[in-house]
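Enquirer: Take a look at the letters that make up each chain.
Number of protein chains: 2
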Amino acid sequence: MAITVGQVLDALIAPVGKREDTVDTLKNGNPEEEVRGVAVVFLATYEVIGRAIASGANLIITHEPTYYNHLDETDWLSGDPVYERKRALIESSGVAVFRLHDYIHQYKPDGIVDGMLRALDWEAYADPDKTLMLTLPEDGGRTVRSIADEIKRKLGIDSVMVAGDPELAVTRFGFAVGAPGGRSQMAYLRERDIELLIAGETNEWETNEYVRDAADMGMNKAMIILGHQKSEELGMRTVVKLLRDAFPGLPVDHLELPTALRRI
Amino acid sequence: MAITVGQVLDALIAPVGKREDTVDTLKNGNPEEEVRGVAVVFLATYEVIGRAIASGANLIITHEPTYYNHLDETDWLSGDPVYERKRALIESSGVAVFRLHDYIHQYKPDGIVDGMLRALDWEAYADPDKTLMLTLPEDGGRTVRSIADEIKRKLGIDSVMVAGDPELAVTRFGFAVGAPGGRSQMAYLRERDIELLIAGETNEWETNEYVRDAADMGMNKAMIILGHQKSEELGMRTVVKLLRDAFPGLPVDHLELPTALRRI
Chain L
129 MAITVGQVLD ALIAPVGKRE DTVDTLKNGN PEEEVRGVAV VFLATYEVIG RAIASGANLI
189 ITHEPTYYNH LDETDWLSGD PVYERKRALI ESSGVAVFRL HDYIHQYKPD GIVDGMLRAL
249 DWEAYADPDK TLMLTLPEDG GRTVRSIADE IKRKLGIDSV MVAGDPELAV TRFGFAVGAP
309 GGRSQMAYLR ERDIELLIAG ETNEWETNEY VRDAADMGMN KAMIILGHQK SEELGMRTVV
369 KLLRDAFPGL PVDHLELPTA LRRI
Chain D
129 MAITVGQVLD ALIAPVGKRE DTVDTLKNGN PEEEVRGVAV VFLATYEVIG RAIASGANLI
189 ITHEPTYYNH LDETDWLSGD PVYERKRALI ESSGVAVFRL HDYIHQYKPD GIVDGMLRAL
249 DWEAYADPDK TLMLTLPEDG GRTVRSIADE IKRKLGIDSV MVAGDPELAV TRFGFAVGAP
309 GGRSQMAYLR ERDIELLIAG ETNEWETNEY VRDAADMGMN KAMIILGHQK SEELGMRTVV
369 KLLRDAFPGL PVDHLELPTA LRRI
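Residue numbers (the working numbering), protein chains in the order written: chain L, 129 to 392; chain D, 129 to 392.
No lab work stands behind these hints, which were simulated from the structure alone.
It cannot be assumed that every hint is accurate.
Unchecked claim - DEER-style ranges, computed between Cβ atoms: (1) L:392 with D:320: 51 to 61 Å; (2) D:297 with L:300: 44 to 54 Å; (3) L:178 with D:297: 39 to 49 Å; (4) D:392 with L:378: 37 to 47 Å; (5) L:134 with D:212: 23 to 33 Å; (6) D:321 with L:392: 53 to 63 Å; (7) D:281 with L:178: 48 to 58 Å; (8) L:374 with D:285: 33 to 43 Å; (9) D:377 with L:201: 51 to 61 Å; (10) D:258 with L:178: 28 to 38 Å.
Predicted, not measured: the structure shown is a model, and the values here were computed from it.
Note that the Cβ used here is the ideal one computed from N, Cα and C, for glycine as well.
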């Protein structure tokens, strides 16, 4: 029996319930369309859209925006050659593109965080009541550097950025994926008894400088910055599992991205 | 004859004229106070405030905020141990702290950009009518990588982040210091005939992804990201020169900062 775009989206929305105040909308496509395959991505780049289409998928579930701004506003991009070519690819192929950002962060537990904890094999560290708080075994002898090394190995990152002392001992830490904003990141460090915040993306003049000052004051505070993509991408495996469970037989694949930047 | 804080600030404001709609305010101190020495910094960190005071300065001119947010709002930080200790240092020492952000960017030419072009020895590349546009000599054979290498050497940076192809040939490029926002950065790349944008700080889901897509479409576009601090810090030498010229005999020094982050 045919599965429609609308049915797949309903399955993704069901854990939260329909919301109106959300950026999670269909950027292209038709809810009545039959789905032949689903590509799950961190961000629908031009390159991965092509890969998804070539794989036979006609529905892309993307965590981050398609058109270079949080609201996917496009008026300001009218006539822009990059935007126009990307839109032409999407429209001419007929691929449906749905953003799944707000809903998945509202799953209980947060679907991105849960997926990242699984990818890092850190479920045992998590406090079930506070999923962004992680407590290490007492006898761990862990440091900021050893945690950074573990993340690099498990997520395939060649280096991370650190504020504070890499040799600082860590017993409890927080994991704030994505870019929740400086005040949210600083609240983590302030309100919870943690030595380390693992962050996705920051504004340099906000959390970075707060941690720099705290460390220079001799406080036991540090931060590891993974980059936005690496802090969330494997969290989208939660979507793959959900859809494979809901629609056995429907091809659903996670297409991973290279990072947008390289260090030279 | 005594020079007051107010007189120094008037000299910094004079090239633009007094504005009300600005973040450039006195965060601590008294305009009537006599100035014994001026410390010019990119950002008034806890550590550099201590260095400034130890050097005998009692006026700090800082380009970026003191309290971890653009407007230097402090209500949300009340009781925060990092904020309270930084504020106590500033208040107990009596050091005056003035932010010079909006005014210096409104100098003609932009004082930060002008200072950066001097630090990079790039004044000859600049279009006098468009100071953020730079044109290389025709026979240069320059690439993104060779420009990145030149910047690293001249600014003392060990690595930069690049979107697009490092081997892309570059004849014209733009230099957007600081964090002017994604739409402004993308407008540079769209509206001007440049291959390369040198940026300070970006949001990952905005300009980074625009350049990634453009490069994947085969367009001749690339971006080098310096980090906010490294893209502006030496631009504050403009302030040092202005104040030394205006107040001969007054000690005025630029105190440079280490970066807040290190790569491990």
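Enquirer: Does each hint hold? Answer for all of them.
Expert: Now for the hints, and whether the structure bears them out:
1. L:392 with D:320: 51 to 61 Å: violated, 24 Å
2. D:297 with L:300: 44 to 54 Å: holds, 51 Å
3. L:178 with D:297: 39 to 49 Å: violated, 25 Å
4. D:392 with L:378: 37 to 47 Å: holds, 42 Å
5. L:134 with D:212: 23 to 33 Å: violated, 53 Å
6. D:321 with L:392: 53 to 63 Å: Because 24 Å falls outside the window, the suggested range is violated.
7. D:281 with L:178: 48 to 58 Å: Violated, at about 38 Å.
8. L:374 with D:285: 33 to 43 Å: For residue 374 (chain L) and residue 285 (chain D) the Cβ distance comes to about 49 Å; the hint is violated.
9. D:377 with L:201: 51 to 61 Å: holds, 54 Å
10. D:258 with L:178: 28 to 38 Å: Hint holds: Cβ distance 36 Å, inside 28 to 38 Å.
Taken one by one, the earlier hints fail for this structure at numbers 1, 3, 5, 6, 7 and 8, listed in ascending order.
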